[in-house]
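Asker: Sequence:
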Amino acid sequence: MEEELEFVYDSTKEDMNKAISHMEKALVKIRAGRANPTMLEGIMVEYYGSPTPLGQVSNINTPDARTISIQAWEKQIIPDIEKAIMNAGLGFNPMNNGESVIISVPPLTEERRRDLAKLAKSETENAKVGVR
1 MEEELEFVYD STKEDMNKAI SHMEKALVKI RAGRANPTML EGIMVEYYGS
51 PTPLGQVSNI NTPDARTISI QAWEKQIIPD IEKAIMNAGL GFNPMNNGES
101 VIISVPPLTE ERRRDLAKLA KSETENAKVG VR
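For the sequence shown, the residue numbers in my numbering are 1 to 132.
Treat the hints as calculated values from the structure; they're not laboratory data.
Among the hints, erroneous ones may be present.
Below 25 Å or equal to it, Euclidean Cα-Cα: the simulated DMTMM-like pairs (lysine to aspartate or glutamate) are [said to hold, decoys possible]:
#: 1; residue 1: K121; residue 2: E110
#: 2; residue 1: K13; residue 2: E123
#: 3; residue 1: K25; residue 2: E110
Just the calculated beta-carbon pair ranges, DEER-fashion [what the hints assert, rightly or not]:
#: 4; residue 1: A88; residue 2: T124; range: 19 to 27 Å
#: 5; residue 1: Q56; residue 2: E110; range: 33 to 41 Å
#: 6; residue 1: N59; residue 2: V8; range: 31 to 39 Å
#: 7; residue 1: G130; residue 2: N87; range: 23 to 31 Å
#: 8; residue 1: S50; residue 2: S21; range: 25 to 33 Å
These figures come from a predicted structure and were not determined experimentally.
Beta carbons are placed, not taken as given, at the ideal position from N, Cα and C, and that holds for glycine.
Please construct the entire structure, taking both the sequences and the accompanying hints into account.
Answerer: Shown next as structure tokens:
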């Protein structure tokens with residue numbers, strides 16, 4: 001009997017932690033007006049015919065609060081990186097300077113802030129449901 005309770009407790013705890021972890025990952029991707037390399041997590045680049053995470057084909061850094069710089073390991077994939085960012089639907093307009101891809105993160109508008117607040121509320125609500 002005690003083993004069954006412990007099993008239920010452990011599996012429930014694991015499910016709750018998964019829901020919280022998923023929510024944290026979703027909230028990190030929400031753009032808050034400041035450049036952050038994690039905004040680009042999940043972007044897949046076509047690399048030698050197979051989709052590869054952007055972080056595995058390039059170095060991503062933030063030289064300042066409004067700019068993300070992406071240095072590709074191989075220069076011939078820079079157009080593919082640019083295309084993948086455009087197709088990701090994040091609202092970024094990447095610029096290819098031949099050496100790297102630069103993304104200028106625009107300041108948030110009031111409308112976009114409201115949309116992000118709704119998205120954050122939705123993600124937290126989904127996490128609450130997952131925990132229950």
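Asker: Provide an ascending list of the numbers of those earlier hints which the structure does not satisfy.
Answerer: Hint 6 is the one this structure does not satisfy, whereas the remaining hints hold.
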